[in-house]
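The listed protein sequences correspond, in order, to chains A and B.
Residues 16 to 502 (the numbering used here) make up the first sequence, in order.
Residues 4 to 127 (the numbering used here) make up the second sequence, in order.
What the hints contain is simulated information worked out from the structure, not anything from laboratory work.
All residues carry an ideal CB built from backbone N, CA and C; glycine is no exception.
Treat the hints loosely; a few may be bogus.
Said to hold, decoys possible - Computed beta-carbon distance windows for the label pairs: (1) B/LYS111 / A/GLU66: 58 to 66 Å; (2) B/THR91 / A/GLU104: 41 to 49 Å; (3) B/ILE96 / A/GLN74: 49 to 57 Å; (4) A/ARG283 / B/THR91: 14 to 22 Å; (5) A/ARG283 / B/LYS111: 31 to 39 Å; (6) A/LYS228 / B/THR91: 47 to 55 Å; (7) B/ILE99 / A/ALA115: 43 to 51 Å; (8) B/ILE99 / A/ARG53: 32 to 40 Å.
Listed below, chain by chain, are the residues.
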Amino acid sequence: MSQKKIPDTMTEIVANAGSFRDPVNRVYEVSSTDGNNRKRILRGVNQDALESYQELATQSFYKRLVEQGHVIKTDIAPNDDPDALSVIEEGWSGVLEHEAVSFVSYPYEWTFSMLRDAALLQLHIIEQSIENGWTLKDATPYNFQFVGPRAVFIDIPSFETRVEGEPWGGYRQFSSMFLIPLLLKSHLGIDQLPILRSYIDGVPPTEAIKYFKGLSRLKKGVISHITFPAMVENSIAARERDRAPAQKRTTKGQSNAMVLGLVQSLSRLIKGLKSDIRHTDWSRYDKTHSYESEDFVVKKAFVQKYAAQSARDHIWDIGCNTGTFSNICSPHCNLVVSLDGDHDAVEKLYLKEKEEKSSNILPLVMNLSNISPGQGWAGSERQAFDKRKDPDLVLCLALIHHIRMSANVPNILFLKWLRSLNSDVVLEFVNREDEMVVKLLTNKKEQYADYDIEQFIREAELFFTIENREPLKDGKRELFFLKPIEG
Amino acid sequence: MGDDRSIRSERKLKSRRLVNFRFSGSSRYYLDIFRTPSRYFVNMCQLSSRNSNDMQNLTRLSFVIFLMSTTEAYAYVDPGSGSVIVTTVLGLIAAIGYTFRKYFYKLKRMISGGGSNDEPKKDT
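Produce the complete structure using the sequences and hints provided.
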């Protein structure tokens, strides 16, 4: 079943395109087609996985993890639930229902600290599991989602009872997908995001070792978790390349102390990894923006007015810097998705927001001229950023001149993309006279003659109705509130 | 002069081959095997043409051709299965520290007569 409509109940059930790797279960998304935004996340499970969950649900360590918000809330769907029955018709023995995560994000959109926190949570969960006779069959960051700025483990069928002496099967995956990207960033300053985007299954140690030259091979964790595993893997590849059958390797004989010792040593290693926040163009925006305080107050009031105008589910702040305007929108919606291409600005926002207990801001690193594409199996295993969920309001404040002059994207293409989001828009146009545009154009041969406010208005009116305008900085900038034209 | 060069090449090959055999599991020498087969091939061809009856050289030449032809044939090999070896070795080392810490905190609790407050707080 890839898609199923039940006319009576006005619901649509779609099998999640990224949930197929574990044959014991599959996730289904149930959404109402009557305009109601409510989404249910159901998971069809086979008999073994169902029995395993029933046992897991009685474990006190698991209940504690759920209460602490580390693991997603889950229940067995009742037998008379029509949506669950539709899932069972697909051949599953039972159906679990998870609390829905309102916006899905991927590790190649997370900052260093987000990946680090997810890694530490993964280790905490595996440690708790092993101490209680359970284990996790895998260890991938795709088993985590961020609810606001808090990581949550979502893959319940990953829990299974541990056979005494069994090794931690998720070690290599943990290393490739969490540890190695963190080591690359922390030890070498290499941006982990493009690497994670390309290596969808993580960076194998045999590739990772190529980044470490000279003395950097002696840095913490490199010999144990990169050099040594790379040696072993190369040796196996060299030995078994032309031998059939491959040598069977024993999977027994690892005591709890060995597994827990390894998990705890990884945890200590990762806690010691750091990535300093540099002074980039945007990481100190809250102190270095080009506004006089009076204009800044007007801008904040304009944003607040339209954020609070109606009940909004999602607001996107694209080009959020350190989140000044995300914070203004935060009380007026369920979730603010705050995007910026500057890793360190987003990192700063994440570190601030994760200290707020009830924060509903999800900070993500995203270059808007190259947003996350659909990728993985059939190009749909990981969804494109703009295909996941439409926002209700988009803020793009002082962004359009970067899109035009830094990314060379014509305004009309940018406006067309904005329209494709089916959302209200608060947009700040930065005129040619503004000192930031002057700075951008100073050393450019191309002067973008098409970039002026009159042309912008003509193009905007092809896709939107301009509901309000507010000049700033003596007309050097102008705020617009845009409503999408239907049809 | 030509003979000297071929002797030097042969010596160099002997020493390199020895290294490759001895450390075939090390990433550095593993990479060397694949970085240099074309050079081996050229050297071996020279040696072979100069002394076509040298069976030893022919054997070496076959070895080099074998290496060149199998560089990327990984489809059936799962090097990741080696993580059992890795976790065994790293686990053994880690178990020593784990056991030591476990008994250290137990002893500390016994001496201080306190609860479990001395155990380091887990940061998640």
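Right, here's what the structure says about each hint:
1. B/LYS111 / A/GLU66: 58 to 66 Å: Between B/LYS111 and A/GLU66, where Cβ atoms are some 42 Å apart, the hint is violated.
2. B/THR91 / A/GLU104: 41 to 49 Å: 45 Å, holds
3. B/ILE96 / A/GLN74: 49 to 57 Å: 30 Å, violated
4. A/ARG283 / B/THR91: 14 to 22 Å: 20 Å, holds
5. A/ARG283 / B/LYS111: 31 to 39 Å: Violated, at about 19 Å.
6. A/LYS228 / B/THR91: 47 to 55 Å: 29 Å, violated
7. B/ILE99 / A/ALA115: 43 to 51 Å: 45 Å, holds
8. B/ILE99 / A/ARG53: 32 to 40 Å: 53 Å, violated
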